[in-house]
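First to last, the protein sequences are chains A and B.
For the first sequence, this note's numbering gives the first residue as 801, with consecutive numbering after it.
For the second sequence, this note's numbering gives the first residue as 15, with consecutive numbering after it.
The hints are simulated quantities; they were obtained by calculation from the structure and are not laboratory data.
Just so you know, not all the hints are guaranteed correct.
As the list claims (entries may be wrong) - Here are some, though not all, of the chain A residues that point toward chain B, as calculated from beta-carbon distances under 7 angstroms:
(1) L856
(2) R888
(3) P916
Computed from a predicted structure; not experimentally measured.
Glycine included, every Cβ here is placed at the ideal spot set by N, Cα and C.
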Amino acid sequence: MPLLEVDGLTTRFRTERGVVQAVDNVSFDLEEGETLAIVGESGSGKSVTAMSVLGLIPRPPGEITAGRVMFEGRDLLELSDEEMQEVRGDRIAMIFQEPMSSLNPALTIGLQVGEPLNRHRKMSWTESLKGAVGLLRKVQIPDPASRLQAYPHQFSGGMRQRVMIAMALACQPKLIIADEPTTALDVTVQAQILELLKNLTREFGSAMILITHDLGVVARYADRVCVMYAGRIVESGTAADIYGDPRHPYTLGLMASIPRLDEDTQRRLVPIEGQPPNLAALPPGCSFAPRCRYVTDRCRSERPALEAIAGRHMKACFANVSNRV
Amino acid sequence: MTAITEATVGRRERGPFIGFAIRLFRDKPLGAAGCVIFLLFLFCGLFADVLAPQTINQISPINRLKAPSLQFPFGTDNLGRDMFSRILYGAQLSVIIGFCAAGLATVISVVLGIVTGYLGGKVDMVAQRFVDAWMSFPDLVILIVVVSVVGPGMWQVIVILGFLYGIAGSRIIRGAVISVRENMYVHAAQSIGATTPRILLRHILPNVMPPVIVLFTTRVGAVILAESGLSFLGLGVPPPAPTWGGMLSGAGRSFMYLAPWLALAPGICLTLVVYGINVFGDALRDLLDPRMRGSGK
Chain A
801 MPLLEVDGLT TRFRTERGVV QAVDNVSFDL EEGETLAIVG ESGSGKSVTA
851 MSVLGLIPRP PGEITAGRVM FEGRDLLELS DEEMQEVRGD RIAMIFQEPM
901 SSLNPALTIG LQVGEPLNRH RKMSWTESLK GAVGLLRKVQ IPDPASRLQA
951 YPHQFSGGMR QRVMIAMALA CQPKLIIADE PTTALDVTVQ AQILELLKNL
1001 TREFGSAMIL ITHDLGVVAR YADRVCVMYA GRIVESGTAA DIYGDPRHPY
1051 TLGLMASIPR LDEDTQRRLV PIEGQPPNLA ALPPGCSFAP RCRYVTDRCR
1101 SERPALEAIA GRHMKACFAN VSNRV
Chain B
15 MTAITEATVG RRERGPFIGF AIRLFRDKPL GAAGCVIFLL FLFCGLFADV
65 LAPQTINQIS PINRLKAPSL QFPFGTDNLG RDMFSRILYG AQLSVIIGFC
115 AAGLATVISV VLGIVTGYLG GKVDMVAQRF VDAWMSFPDL VILIVVVSVV
165 GPGMWQVIVI LGFLYGIAGS RIIRGAVISV RENMYVHAAQ SIGATTPRIL
215 LRHILPNVMP PVIVLFTTRV GAVILAESGL SFLGLGVPPP APTWGGMLSG
265 AGRSFMYLAP WLALAPGICL TLVVYGINVF GDALRDLLDP RMRGSGK
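With the hints as extra help, turn the sequences into a complete structure.
Here it is as structure tokens:
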């Protein structure tokens, strides 16, 4: 049985301009210790998917209208708020995008890293702070004992993200959701942070959902990949499938739009034409149809389902496209 | 790296309180002056029994309406009572009333403001309409009505002023909480499974401390003023208790031309203390803001 099994998850937001279908019938699963990347541009529903799994969708205006999120044999969507609070931070932890603002400026680092231990392991604060020293050492913060009394503003962005990772790992969760953990960081620091995350999740035996829009990150750190567009998964498969043999026009477009070091420098990057769709007014057929080079009349009226191509490689497209000659 | 660490540690070892005092005097001279006035006022209030040269309610007809002199630094009133001693005891009453009522007001504001601000929705809607209704009455009307029902007295005044300012002040805290609530670190706290009380106390409260401190200090000033106003109207702490407001309205007003020191002494004290507390509160807010704390300066 997989560790996490998301089945038909649908999350909507009621806004003044109508109902926004942020996540539409999304299904994926995750084995223990596996890293799954969810890729997509801004507004494709990656973060909302993660927040739905954790039950952190603000209600109202948000609501999860359908689906199941099976984790360790329980449907997380069925749990009460209190039961969910026991899961969060203990069994599932989250790392946020902005290390600058996701640490509390008024509390010391020690209190924040020790808090999950105090909360879930029922440790006293003295013990929790001891645990925090060990955690800070794990994320390679130099001289952790003297850093307990420091405040977040005394740390750099990369250091803060290390602190966030330490917080997330505190209770050795089975699943870590990292929502664009390196977006706000320098390129050189990004690699360090991802390397650290990869090593620590392996050491702690945690599975990870890595949300990103950086395909370079995905190639190196993910076992499997889901490509999302306008709230739906359009292609999924192993990292090798997605990189070696992308089959959805959107994935192909993404691949063509990233620069590569190992290719002719004269090659021009090919952007994906047009704008991401308005989620409050999606076209009846395939959401990608207005921007697709391979569009047919069928695409505009009928919505393609996610279907297997080979093994676990799946795509939601009528056309049979490939970059293989 | 080592140099930075040592500098930080070196500053730590001086103790947070002394470091804070140094920063107060260096960066905020006006606030420091306010602080000195405030401490002097506290000192007078706390040690009035020891400091006062005369007993306060001893009538001495021979010494009535004496001008300020070495024996009576602030003169004497129409009953020959030493004004200096009465001012000191007045400070004591003002300290008790000011701190108790402002403390009660702040607690009410914080509890009401944090809970309604964080929970939002229906709780917020209902509670805030109640606050609206409360605030639509002029302060003095509520004060006069309640005092005339429960009767004058120090503890009545404290409770009434506490509720009066507390309920109105909840708006300020609620506003601060709403701006803090949407910060990522609150979501981060939710993501580690923190319960609502834990989020309110450990994550929201420390971040709304700057407005809470200002609210408390301005309320101390406002409460002292309001109590004087009530005493002036005869609704405060009843005579012969030596309240500053009572001194102003009683002998101070009746003998204003004959013995101006009777009005000047309590009037100047009141003005100085309220002003001092206000500038001190402002300086505190600036210095205690965690975003400015130890910012390399």
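Cross-check of the supplied hints:
1. L856: Interface hint status for L856/A: holds (6 angstroms vs cutoff 7 angstroms).
2. R888: holds (4 angstroms)
3. P916: holds (5 angstroms)
In this structure, every one of the numbered hints holds.
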